[in-house]
Amino acid sequence: MRLRSLPFAAALSVLTLAPGCGSPAPTPAPDQVPTAAGVPRDTLNGPQVQQLPDGTTLRGVLRDGQRKGIWRSFTPQGRLLSQTEYQDGKAQGPVVVFHTNGTVRYQGQHHKGTPVGEWRFHDPAGALIKTVVYDSTGTVTAER
Numbered sequence: 001m002r003l004r005s006l007p008f009a010a011a012l013s014v015l016t017l018a019p020g021c022g023s024p025a026p027t028p029a030p031d032q033v034p035t036a037a038g039v040p041r042d043t044l045n046g047p048q049v050q051q052l053p054d055g056t057t058l059r060g061v062l063r064d065g066q067r068k069g070i071w072r073s074f075t076p077q078g079r080l081l082s083q084t085e086y087q088d089g090k091a092q093g094p095v096v097v098f099h100t101n102g103t104v105r106y107q108g109q110h111h112k113g114t115p116v117g118e119w120r121f122h123d124p125a126g127a128l129i130k131t132v133v134y135d136s137t138g139t140v141t142a143e144r
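Positions 1 to 144 (the working numbering) are the ones given, in order, by the sequence shown.
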């Protein structure tokens, strides 16, 4: 059985739209997609297209109810808002989030759902306004 649309918690839209320059650390999206009562997680496989109440569209693939590969979010007009890679249901690798005008809002790396390394935050004009460095546990070690 392949499901094409599942309800997402509002927290997912917060991941792609709310975190920004003033946020101390981007919050990873939930590791697993919520399911309707009685739907086994192992049936949640394949491409997903999710429509959020604000018009944002999410696209990605589920394997056994967990995100896998690249997930993208788009504005109602189809402009890319974010792109995050997932492995075993957790953010793994590069993440980039865009302002609605298309410039990079922030970019960084995740390791098993934890922000690591250097994250760079930009204003809507594209100017670098802040850099935050995370250690392997997700603790901020430097901010400039």
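Mixed in with the good hints there might be a few duds.
In the DSSO-like style, the derived pairs of lysine-lysine whose C-alpha atoms are separated by at most 27 angstroms in a straight line are [as the list claims (entries may be wrong)]:
#, residue 1, residue 2
1, K90, K68
2, K112, K130
3, K112, K90
4, K68, K112
5, K90, K130
None of these hints come from the bench; they were simulated from the model. As the structure is a prediction and not an experimental result, all values here were calculated from the model.
Results of checking the hints against the structure:
Simply put, K90 and K68 have alpha-carbon atoms about 8 angstroms apart, close enough for the 27 angstroms limit, and the pair holds. Between K112 and K130, the direct Cα distance comes to roughly 24 angstroms. Compliance with the 27 angstroms bound is thereby established for this hinted pair. Restraint check: the Cα-Cα separation between K112 and K90 comes to about 5 angstroms, which is no more than 27 angstroms; the hinted pair holds. For the hint pairing K68 with K112, the CA-to-CA distance comes to about 12 angstroms; that is within 27 angstroms, so the pair holds.
A threshold of 27 angstroms between alpha carbons decides the hint, and for K90 with K130 the separation of about 25 angstroms falls inside it, so the pair holds.
Checked against the numbered hints given earlier, the structure satisfies every one of them.
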